[in-house]
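Q: Residues in the sequence shown are numbered consecutively from 80, following this note's numbering.
No lab work stands behind these hints, which were simulated from the structure alone.
The structure displayed is predicted, hence computed values, not measured ones.
Any given hint might turn out to be false.
As the list claims (entries may be wrong) - Distance condition first, Cα-Cα at most 25 Å in a straight line; then the derived SDA-like pairs of lysine to any residue:
| # | residue 1 | residue 2 |
| --- | --- | --- |
| 1 | Lys393 | Arg440 |
| 2 | Lys240 | Val257 |
| 3 | Lys536 | Tyr504 |
| 4 | Lys564 | Lys224 |
| 5 | Lys283 | Gln583 |
| 6 | Lys224 | Ser469 |
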Amino acid sequence: MSATTSDPPIKRYRREEDNKSDLEEDDDKYVPYVPVKERKKKQLMKLGRIVQLSNEDSKPKSSSENENDEDSQNANDPEVWGRKYNISLLDQHTELKKIAEAKKISDVEKQLKEEEKILESVQQQKALMGVAELAKGIQYDEPIKTSWKPPRYIIEMSEQKRNAIRKRLRILVEGVDVAPPIRSFKEMKFPKGILNGLAAKGIKKPTPIQVQGIPTVLSGRDLIGIAFTGSGKTLVFVLPIIMFALEQEYRLPFARNEGPYGLIICPSRELAKQTNDIIMHYSRHLVESGMPEIRSCLAIGGIPVSEAIDIISKGVHIMVATPGRLMDMLEKKIVTLDVCRYLCMDEADRMIDMGFEEDVRTIFSFFKAQRQTLLFSATMPKKIQNFAISALVKPVTINVGRAGAASMNVTQEVEYVKQEAKVVYLLECLQKTAPPVLIFAEKKQDVDCIHEYLLLKGVEAVAIHGGKDQEERSRAVDAYREAQKDVLVATDVASKGLDFPNVQHVINFDMPEDIENYVHRIGRTGRSNTKGLATTFVNKTTDPSVLLDLKHLLIEAKQNVPDFLLELCPESEQYLDLGDSHGCSYCGGLGHRITDCPKLEAIQSKQASNIGRRDYLSNTAADY
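Build the full structure now, drawing on both the sequences and the hints.
A: Shown next, in the form of C-alpha cells:
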C-alpha cells in the first residue's frame, strides 16, 4: 500500500523534469530579435564581400595567396565580413554598377549575333549577274582599262596628301588602288565644250563626291557612290560617259543602228528625262566647240517608241531608260547591248530593293562582254551594298556622309496636325517661305484633293502622280521648273533624284511609310550648298516606328526635336547604337534594329503570302 502511494510523486517528478528539459531546448533554439537596420547592414556587408571575392577569383592567384586560401574561407562568417571588409555603400554601388554593365555588354553581344543571323538569312543568295554569265561561270577579275590618266603631279602626290584632302572634304573611300582626288574640272582633262557647259550652269568647282568620284570613273573602276541628296552625283556618271562616247566616236564613228555604248537606268520617268536633258546640254556645248555630236535617246513609258528608234537608227552613244521600257525594247530587238561597256544605275537601292531586281538581272544578260558598273544613291543600306558588290569587279565605295543621312542644309520642322485640319493648315504653311514650294503626299487621291483645294484658293499649282499620263506629267514638271507655277503637289514619284532649281520649302502632307523616302523628299530643297526648309505633318495615324526613325534622324542632324517625339523611348532604344553599326542594317533606319524592322517584316509577310498563293495556283492548275 505504501509502495503504491509513492509511485505518483515519482511520475510527477519525471514529467516535470521532461517539461523542464523541453523548455531548456526551446531556450537554446531561441533567436534574439535583430532590428531591420542591423539586418540590412549585415546584408550589404555580405554583398560587398561577395563582389570582392568574385573579383579576386577572376584574378590569377600567386602561390602565397593560395596558401592563405584557408584563412579566406573563415570570411564566410558575416561577423568577420563586417570586421575585416568594411566597404562603404558608395563603393558597393560602384561594384554593382560594374556587374550590371558587364551583364549589359553580354546582352549587346547576344543582340549583335542575333542580328547577324537575321541579315544572313535575308541577304540574296543569287549574285546580281546575267544568267548567261552565271551559267558559263564567267567571272571578271580586273577592271576595264581606259586611256585617261590624271596629270603627272597628281599621280606623284603622296598617299598622305591624298588622305588629307579626303579627310578635309569628309570623303570615305573603300577599295584597292583608288584614283587620286582632283579638285578642279580642268585638272580632270575635260575638253573646252564640257567646261563651257559647266560654266553655263554656274558650276565652278567640283563637290566632294565629284572630287573623288569622277577620277575613279574615268580610270575605269566599278563604283558604289553614296552622298546626300543635292550633292552633284549625276555629273559623276554623266561627264565620264560623255567622254567615253566621244573617244569612241573619234576612233570609229558610230554606224547606223549601232550602240548604245553607255546605258543609264533610272527608277522613274521624270528622273530619266532629267538625266537625258543634262546629257543633251553638254552634248550641245561640245558641238558648239567644234567636236562631234554625242547622240542620246530616252526610253521611258508614256512616250512613243518611234522617238527612240529614230535616234537609234542614226547610231546612239548613250541611252537613258527605265527598266520596263528597256526590257521591252531589248526583247523585241529594237536595241542591243552588244557594244555597251558602261552601265550606271541611278538610285540603285530603289531599283534593287523595290521589285526591279529580276528586271536588272535580265538586263545584265543582254551584255556581250565586261562592262563598267556604277551604282549611285543617297540612301544605300549595307544589305544593298553587299548584294550589289556581286555585280562589280574590285569596286570602289565612295561615301560622303552616312548613307541615308539627311542634308545638313535643310532645316527640318515636325508639327503635330490633326488629320482633318491638314488641308486648311497647308495655306498657313505656304506663308513660311517664298515660292517655289513642293508638297508631297502618299496617296494619289490626296494629291488630287490638295491640288484642287489650292486652285480654289487661287494658288498657282500643278500636280503629278502615277495615275496621270506622261504628257500631263511632263508638262506639269516643266511648268514648275520654269517658275510658271509656284507649287508642285506630288507623290514619291517626284522624290527620287529630281533637281528643281531654288526650291525654298518642302511640305510633307503625311509622313512616308519609309524613312528613306523622307530623306529623298526633303532632299529636293537645300541643294548645291543652298539653304532650305522642310515641314512635316504627323498625328496619331502615323506609324510609331517611322516616328522613332524620324526622331533619331533629327537628333543626328542637330535639328529641333518636338516634345511629342522626345517622349518616344522604347525599351529597345538602348541597343540602337552598337559598335560600328547605327540603327537597322537592313533598311538604314536609325530608330530601330533589324530585329524590329517593319520593312523587313512587311517584305517577309508579302513573300509568305505569295508563296501560299503560288502553291494554291499550282495545285488548282494541276487539278484541271
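Q: Take the hints in turn and mark each one as holding or not.
A: Outcome of the hint check:
1. Lys393 - Arg440: 28 Å, violated
2. Lys240 - Val257: The given pair, whose Cα atoms are some 14 Å apart, holds under the 25 Å limit.
3. Lys536 - Tyr504: 13 Å, holds
4. Lys564 - Lys224: 47 Å, violated
5. Lys283 - Gln583: The hint holds at about 23 Å.
6. Lys224 - Ser469: Distance of about 20 Å is within 25 Å: holds.
The structure shown violates the earlier hints numbered 1, 4.
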